[in-house]
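S.K.: Chains as they are written, first to last, in our numbering: chain A, 1 to 321; chain B, 322 to 642.
Just so you know, the hints here were simulated from the structure itself, not pulled from any lab data.
Do not rely on the hints blindly, as some may be mistaken.
Below, a list of computed lysine-lysine pairs in the BS3-like style, where the Cα atoms sit at most 27 Å apart [claimed, not checked]:
(1) B:Lys339 with B:Lys502
(2) A:Lys127 with A:Lys89
(3) B:Lys580 with A:Lys277
(4) B:Lys448 with B:Lys510
(5) A:Lys18 with A:Lys132
(6) B:Lys502 with A:Lys259
(7) A:Lys181 with B:Lys410
(8) A:Lys59 with A:Lys259
(9) A:Lys259 with B:Lys598
(10) B:Lys510 with B:Lys410
(11) B:Lys448 with B:Lys410
(12) B:Lys410 with B:Lys453
2 protein chains.
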Amino acid sequence: MTLEEISVQDLNPEAFIKEKGDEISSAVGQGVAVNALSGGVDSSAVTMLGHRALGERLKTYFIDSGLMREGEADHIIALFEDLGVPVEKINAQNAFFDALKGVVDPEEKREAVTHTFYAIVFADLAKRCGTKYVLQGTNYTDVEETVAGIKRQHNIIEQLGIDPEEQYGYRILEPLIALRKPAIRALGKTLGLPEELYRRPPFPGPALAARVIGEVTPERVETVRRATSIVEEKLADTGAFQYLAILHQDRVTGIRDGKRDYGLQIEVRCWESEDAKTGSPTRLPFDLLEELSQSITDQVSGVVSVTYNITGKPPSTIEAL
Amino acid sequence: MTLEEISVQDLNPEAFIKEKGDEISSAVGQGVAVNALSGGVDSSAVTMLGHRALGERLKTYFIDSGLMREGEADHIIALFEDLGVPVEKINAQNAFFDALKGVVDPEEKREAVTHTFYAIVFADLAKRCGTKYVLQGTNYTDVEETVAGIKRQHNIIEQLGIDPEEQYGYRILEPLIALRKPAIRALGKTLGLPEELYRRPPFPGPALAARVIGEVTPERVETVRRATSIVEEKLADTGAFQYLAILHQDRVTGIRDGKRDYGLQIEVRCWESEDAKTGSPTRLPFDLLEELSQSITDQVSGVVSVTYNITGKPPSTIEAL
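Make the full structure from the sequences, and use the hints.
M.R.: Structure below.
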């Protein structure tokens, strides 16, 4: 398969919606399809697209992997309820944490998350709904980065030579695969998504599992979840491209109540970037950096040290994992 | 033993030199004593004090532990040669790296370095010189922090209830034990040390072993040694209290020549402090931070990411280990 990008300049959103809607309808026929909504712009656009094409025959689920941010599930479900799209929450925390137990290599983590989504969660949902069709928001950059060997995106299956029907028992429809983020944002706006959703900063598939260096346990995810809340709140007004908190596995010496405390370290990254291909650290004022550090060490149990990334991409990448 | 601090205000350097010289002479008698010079202000002051009291009967050694900074041994030996004090270099790299093999806990690292100094290196030197006396620059803060349980300083022996004569076969003379750094700097000046030495920023005993999170190997020390050179050169003019590079054990994803590179991270710390009891990160300009990152990722093999510490002490400490 050769894949031609459709740039945001070349995209005619109404025509695209019609064309992809027809493709989805003709593939699914009179049956149903399922999709997983994370609240990111890709899965949000796919949900709207699929809902327009199939109506109630698209069954949309929010997968509570245990790796999402604070309050994320309920907030996203409520937003879609307002749009007239019912979303059911599925608790799959045990499946994900079991798969991640003892895994420290970032590529193996992605693999564990991917495998849990495709082989367990989607396979269950497809079976439960009696369908062979899963709709998914794979985009052009996901394919490109995976094929180039930079980072295996969690949602890349067929491009790696895996036949999902043979492997998992269902087919994957990827209507956004020729689009990059700017085009998907434009499409999302036309599909009636609220600005909060079509402008949402990227938060890739392995979610908080990609924000924990070393083993991903419920406790360690809770630590980075709290730090993430603080970073997202304090940096929301910076206009930066992306900002994130990373929990390190390394421990460092701190001091609490006059005694040694061998504690945790959080790394904060905040990026200036157009398209995530290159980026540079945002030159945040030191007042804000120190306020971030103060809030994180005060409010996140066990953290004694906070650092700020000062390396651009390349040779760094946007995320650490 | 109760120990009364002599503050820099109360210190009469000439009287102190006379008094401590007499104590050293009377303890050592007509024999010889040995001491290890690292080039820090404490061991430099002790070397001058002992040399005044004992002349050539003080045998001074520079222990090449493999953990010192770039070019440090030769530079320090040359400075003391100019002062008329002969210093012999001892290659003890194998002893230290053997003791550090597989050790990751910071306190166990300090213990391994301490044990190698006292049980192997000093014991050998004392035996070789036929003496029972080792002169050492232990200071008031070392004792205080060890007793408070914050951080075991590598040179604290008797204060932990260890009798060095019984344990190692020699006695330890600690003429600076009632002084903190400012008083030792004043003393060093009176003793004729060049400004470079009596003003030298602290570089505690475990040296680069305290700048490596995780296992201390010759390769990992070489990595942090190169980063340390860059940080010390670029931050020399900041007037900061202390600045350092730390090699993390955690690996992070980077990108080199368009391909994924799962590489190393260096953390830079630069401190504003009066006395190391509290401190805050220096508000370095981002131009300088980015220049640091650029030089480190360009010149230190394997490093794809550099962070800057933004947490004060407390709850952080000056060093990470």
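S.K.: Now, for every hint given, state plainly whether the structure supports it.
M.R.: Quick rundown of the hints versus the structure:
Between B:Lys339 and B:Lys502, the direct Cα distance comes to roughly 20 Å. Compliance with the 27 Å bound is thereby established for this hinted pair. For the suggested pair A:Lys127 and A:Lys89, the alpha carbons sit about 17 Å apart, so the restraint of at most 27 Å is met. About 12 Å separates the Cα atoms of B:Lys580 and A:Lys277, which keeps this hinted pair within 27 Å; it holds. For the suggested pair B:Lys448 and B:Lys510, the alpha carbons sit about 32 Å apart, so the restraint of at most 27 Å is broken.
Proposed proximity of A:Lys18 and A:Lys132 is supported: the alpha carbons are some 22 Å apart, at most 27 Å. Proposed proximity of B:Lys502 and A:Lys259 is supported: the alpha carbons are some 22 Å apart, at most 27 Å. A threshold of 27 Å between alpha carbons decides the hint, and for A:Lys181 with B:Lys410 the separation of about 62 Å lies outside it, so the pair is violated. For the hint linking A:Lys59 to A:Lys259, the alpha-carbon distance of about 55 Å lies beyond 27 Å, and the restraint is violated.
For the hint linking A:Lys259 to B:Lys598, the alpha-carbon distance of about 12 Å falls within 27 Å, and the restraint holds. As the CA atoms of B:Lys510 and B:Lys410 are separated by approximately 25 Å, the hinted pair is consistent with the 27 Å bound. Proximity of B:Lys448 to B:Lys410 is assessed by CA-CA distance (about 17 Å); at most 27 Å being required, the pair is judged to hold. Our distance criterion of 27 Å between C-alpha atoms is met by B:Lys410 and B:Lys453, whose separation comes to about 20 Å.
Of the hints listed earlier, those the structure fails to meet are numbers 4, 7, 8, in rising order.
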